[in-house]
Amino acid sequence: MPKLSTLLDEIDSGTVLLPEFQRGYVWNRDQVRGLMRSLYLGYPVGGLLMWETTSDGVSVRGSAGAAGVKQLLLDGQQRVTSMYGVVRGTPPPFFEGDASAFTGLYFNVKDEVFEFYAPTKMAGDPTWVSVTEVFQKRGLRVLLRVQGPAAGGDRMLYGTPEPARDDQRARVQPGEDHRR
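Positions 29 to 208 (my numbering) are the ones given, in order, by the sequence shown.
Everything labelled a hint here was simulated from the structure, so no lab data went into it.
Careful, some of the hints might be misleading.
[What the hints assert, rightly or not] Here are the simulated DSS-like cross-link-like pairs (lysine-lysine), alpha carbons at most 30 Å apart as the crow flies:
| id | residue 1 | residue 2 |
| --- | --- | --- |
| 1 | K138 | K165 |
| 2 | K165 | K31 |
| 3 | K138 | K31 |
| 4 | K165 | K149 |
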């Protein structure tokens with residue numbers, strides 16, 4: 029399984045595609061919030077089923093990119109689309125559906141909860157941070173380190189586990205400038 033950053037880059041380059049026969053995006057905000065919560069807590073979120081092909085005769089959504097080996101996403105499209113939308117802040121090229129399902133997701137660093145933006149609750153409160161902004165400013169290492177008793181301490185979601193130093197922890201703290 030590739031790293032999430034690699035998967036998202038391959039979607040951008042047209043190497044990972046969605047076959048035309050797949051349904052459009054149907055997840056709602058509760059499902060997106062649940063996925064991000066599961067990732068944060070280190071819970072299993074399922075695998076992906078990809079079909080690697082060199083055939084140019086496969087109908088896909090969006091543009092197919094250059095000729096060569098393509099990977100068709102057969103299972104996991106809702107999860108991949110949600111993660112792409114939250115991390116990149118925009119729908120993937122093959123997107124068909126309601127983008128509001130994954131835009132505006134915030135994380136409360138004090139209570140450790142995900143919620144979609146509610147101005148009366150979140151405006152001016154530094155404990156609420158935009159998940160998309162954190163990913164765009166700090167990169168995907170934020171997803172790599174899961175901390176806390178629910179996750180059994182430090183461990184990696186993607187990549188090779190390695191000991192963490194205090195200065196490497198990707199967890200955003202209240203009042204911290206997460207826009208570095």
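Name the hints, by number, that the structure is in violation of. none
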